[in-house]
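Q: Here the protein sequences come in this chain order: A and B.
Note that the numbering used here gives residue 41 to position 41 of the first sequence, counting from 1, and the numbers run on in steps of one.
Note that the numbering used here gives residue 152 to position 3 of the second sequence, counting from 1, and the numbers run on in steps of one.
One or more of the hints may lead you astray.
[To be verified] Computed footprint of chain B on chain A; a stretch qualifies when at least three of its residues, placed anywhere within it, have a C-beta under 8 Å from a C-beta of chain B: (1) 15 to 23; (2) 28 to 37; (3) 42 to 50; (4) 78 to 91; (5) 98 to 110; (6) 127 to 134.
Simulated from the structure, these hints should not be mistaken for laboratory data.
On a predicted model such as this, the values are computed, not experimentally measured, just so you know.
Don't be surprised by glycine CBs; every beta carbon is placed ideally from N, CA and C.
Now for the letters of each chain:
There are 2 protein chains.
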Amino acid sequence: MNPAFAPRGSKAEIEEGPAFAPKFDTDGLIAAMAIDSVSREPLMLAYMNAESLRRTLELGEAVYWSRSRQEFWHKGATSGHVQKIVEIRTDCDQDALILVVEQVGAGACHTGRGSCFYRRVVKATNGTPGLEFTGGDRTFDPAAVYGKA
Amino acid sequence: MNPAFAPRGSKAEIEEGPAFAPKFDTDGLIAAMAIDSVSREPLMLAYMNAESLRRTLELGEAVYWSRSRQEFWHKGATSGHVQKIVEIRTDCDQDALILVVEQVGAGACHTGRGSCFYRRVVKATNGTPGLEFTGGDRTFDPAAVYGKA
Numbered sequence: 001m002n003p004a005f006a007p008r009g010s011k012a013e014i015e016e017g018p019a020f021a022p023k024f025d026t027d028g029l030i031a032a033m034a035i036d037s038v039s040r041e042p043l044m045l046a047y048m049n050a051e052s053l054r055r056t057l058e059l060g061e062a063v064y065w066s067r068s069r070q071e072f073w074h075k076g077a078t079s080g081h082v083q084k085i086v087e088i089r090t091d092c093d094q095d096a097l098i099l100v101v102e103q104v105g106a107g108a109c110h111t112g113r114g115s116c117f118y119r120r121v122v123k124a125t126n127g128t129p130g131l132e133f134t135g136g137d138r139t140f141d142p143a144a145v146y147g148k149a
Numbered sequence: 150m151n152p153a154f155a156p157r158g159s160k161a162e163i164e165e166g167p168a169f170a171p172k173f174d175t176d177g178l179i180a181a182m183a184i185d186s187v188s189r190e191p192l193m194l195a196y197m198n199a200e201s202l203r204r205t206l207e208l209g210e211a212v213y214w215s216r217s218r219q220e221f222w223h224k225g226a227t228s229g230h231v232q233k234i235v236e237i238r239t240d241c242d243q244d245a246l247i248l249v250v251e252q253v254g255a256g257a258c259h260t261g262r263g264s265c266f267y268r269r270v271v272k273a274t275n276g277t278p279g280l281e282f283t284g285g286d287r288t289f290d291p292a293a294v295y296g297k298a
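Make the full structure from the sequences, and use the hints.
A: Right, dumping it as structure tokens:
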């Protein structure tokens, strides 16, 4: 099965209808935020093109499109930390996705943490915003999992 | 005060350092997911350019960049449903933001719902994915709030 997506309809159809007509941007991409199905905490934000979204739906695991590497990115293919899809949601204008996932393994982030969002923005004394760690210690050793420092 | 952002440093500086060096894409934008500070549920996903991020930090309320209207978008300026910033998080490579917000008013979505993510993707009988409402009824009347049907 190779699911196709509905064409973009009227504003009312897009916002209130039953057809899934995702909007890809000028680069052919749509943003997808993965959140943990148990804790509901955001894990990571990445992008999909139409084909990676199709693969995600078929496989039942998150398959992104890597903007930096310009290639399909089956999350967890290297680390074993796959994301099993529990639910996919879209928003009113269908130009964003939320993946509610069961995160397999110790965490989503390649730095060794459960979530990629491990720092908050803070005001520094000179007025330039800085970052502060939120206390999420590493849950795994990235060198051991990815085989490099 | 007009906060500037740090230049993009090394991979280690970006991932593990204290400098806030957000990465804007080729259109000058960064994705920002707003989540409710109390329920932790995702509310909406929109984009910011550097100036809207600066304004957000200065104002303490979410100011996005509307891709469709190509203008600054102080969320709630029309509806009163502003988003007070509780915390801003960034991810490992600093190319995405989470806004933890106090959502003022009845909801974040212009369709009259608390969250924009009110539909999930489901498999339809012909193999083409469809959408199903998740049961989030409208929490306000958009016509009354925005002054148009």
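Q: Please go over all the hints and tell whether each is borne out by the structure.
A: Cross-check of the supplied hints:
1. Counting residues of the region 15 to 23 of chain A whose beta-carbon sits less than 8 Å from any beta-carbon of chain B gives 6, enough to reach three: the coverage restraint holds.
2. Coverage of the region 28 to 37 of chain A by chain B holds. Counting CB-CB distances below 8 Å, 3 residues qualify, and the rule asks for three or more.
3. Judged by the Cβ-Cβ criterion of 8 Å, the region 42 to 50 of chain A is covered by chain B as claimed, because 3 of its residues qualify and three suffice.
4. Residue count for the region 78 to 91 of chain A with a Cβ under 8 Å from a Cβ of chain B: 5. That meets the three needed, and the coverage hint holds.
5. Given as covered by chain B, the region 98 to 110 of chain A passes the check, having 3 residues with a CB less than 8 Å from a CB of that chain where 3 are the minimum.
6. Residues of the region 127 to 134 of chain A with a Cβ under 8 Å from some Cβ of chain B number 7, which satisfies the need for three, so the listed coverage holds.
The earlier numbered hints are all upheld by this structure, with none contradicted.
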